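Peer 1: Sequence:
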Amino acid sequence: MPVHRESKSELWTFVSDKTLHTYGILLRKFTYGVFSSCKKHSSGYSLPISEDDKIRAAKLQAALKSQSENDEDDDGDGVRICGSEVVDEFHRFIKPFLYPFAGASGSRWDDPLECFIALYALNEDGTFRSADGMSQPFAHLQYHMRCAMYYEADLRVRESGGELDMER
Numbered sequence: 125m126p127v128h129r130e131s132k133s134e135l136w137t138f139v140s141d142k143t144l145h146t147y148g149i150l151l152r153k154f155t156y157g158v159f160s161s162c163k164k165h166s167s168g169y170s171l172p173i174s175e176d177d178k179i180r181a182a183k184l185q186a187a188l189k190s191q192s193e194n195d196e197d198d199d200g201d202g203v204r205i206c207g208s209e210v211v212d213e214f215h216r217f218i219k220p221f222l223y224p225f226a227g228a229s230g231s232r233w234d235d236p237l238e239c240f241i242a243l244y245a246l247n248e249d250g251t252f253r254s255a256d257g258m259s260q261p262f263a264h265l266q267y268h269m270r271c272a273m274y275y276e277a278d279l280r281v282r283e284s285g286g287e288l289d290m291e292r
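Start counting at 1 in the sequence shown, then tack on 124, and there's your number in our numbering.
Derived by calculation from the structure, the hints in this document are not laboratory data. Given the structure is predicted, the values throughout are model-derived calculations rather than measurements. Any given hint might turn out to be false.
[Said to hold, decoys possible] Distance ranges between label pairs, derived from CB positions:
| # | residue 1 | residue 2 | range |
| --- | --- | --- | --- |
| 1 | Asp141 | Glu175 | 24 to 30 Å |
| 2 | Gly285 | Ser166 | 33 to 39 Å |
| 3 | Arg282 | Thr146 | 25 to 31 Å |
| 4 | Ile149 | Glu283 | 39 to 45 Å |
| 5 | Glu287 | Lys164 | 42 to 48 Å |
| 6 | Glu287 | Lys163 | 37 to 43 Å |
| 7 | Ser254 | Lys178 | 17 to 23 Å |
No residue lacks a Cβ here, since even glycine has one placed at the ideal position from N, Cα and C.
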């Protein structure tokens, strides 16, 4: 749920619904690409995902399905409440993709996120977007990477009962 500033003098700038949609579309498309790559896609193309990626995708899909079956609309406005279990599961799913790729081959084409970005930058006529057309998606991606690191730290503090274990 977005929080809006009360005054311009506040330290934090919070985002609007439109900004949330704009930032979220990159992860939404990537997540769909991973889900599609878990089974045979009609295009014949799939992202190079590992068995661990497929397991995390299946867990996220199960959490989303469970959430949709237990959907709550707290005040009748049509807005669904997303449980923290789903958010945690999404974090466990997306974090390995946003952290530095640890593939053994050293090829960037083994990295699902690199492949997705290449496809994301591809225009329908087979050319690639200009650099200025890709700067915003890269800025959004950097934001998501930072948020994943922050969320991981918060998750570890919650799991440890308030202590952040720097060794783990």
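Peer 1: State for each hint whether it applies.
Peer 2: Structure-based check of all given hints:
Take Asp141 and Glu175: their Cβ atoms lie about 37 Å apart, and the range 24 to 30 Å is violated. Judged by the Cβ atoms, the range 33 to 39 Å given for Gly285 and Ser166 is violated: they are separated by roughly 48 Å. In this structure the supplied range 25 to 31 Å holds for Arg282 paired with Thr146, their Cβ-Cβ distance being about 29 Å. Between Ile149 and Glu283 the beta carbons are some 30 Å apart, a value that contradicts the proposed interval 39 to 45 Å.
Range check, Glu287 to Lys164: about 46 Å between beta-carbon atoms, so the 42 to 48 Å window is met. Checking the proposed 37 to 43 Å range against Glu287 and Lys163 shows it holds: the Cβ atoms sit about 41 Å from each other. At roughly 34 Å, the beta carbons of Ser254 and Lys178 sit outside the given window of 17 to 23 Å.
In terms of the numbered hints stated before, the structure departs from hints 1, 2, 4 and 7, listed from lowest to highest.
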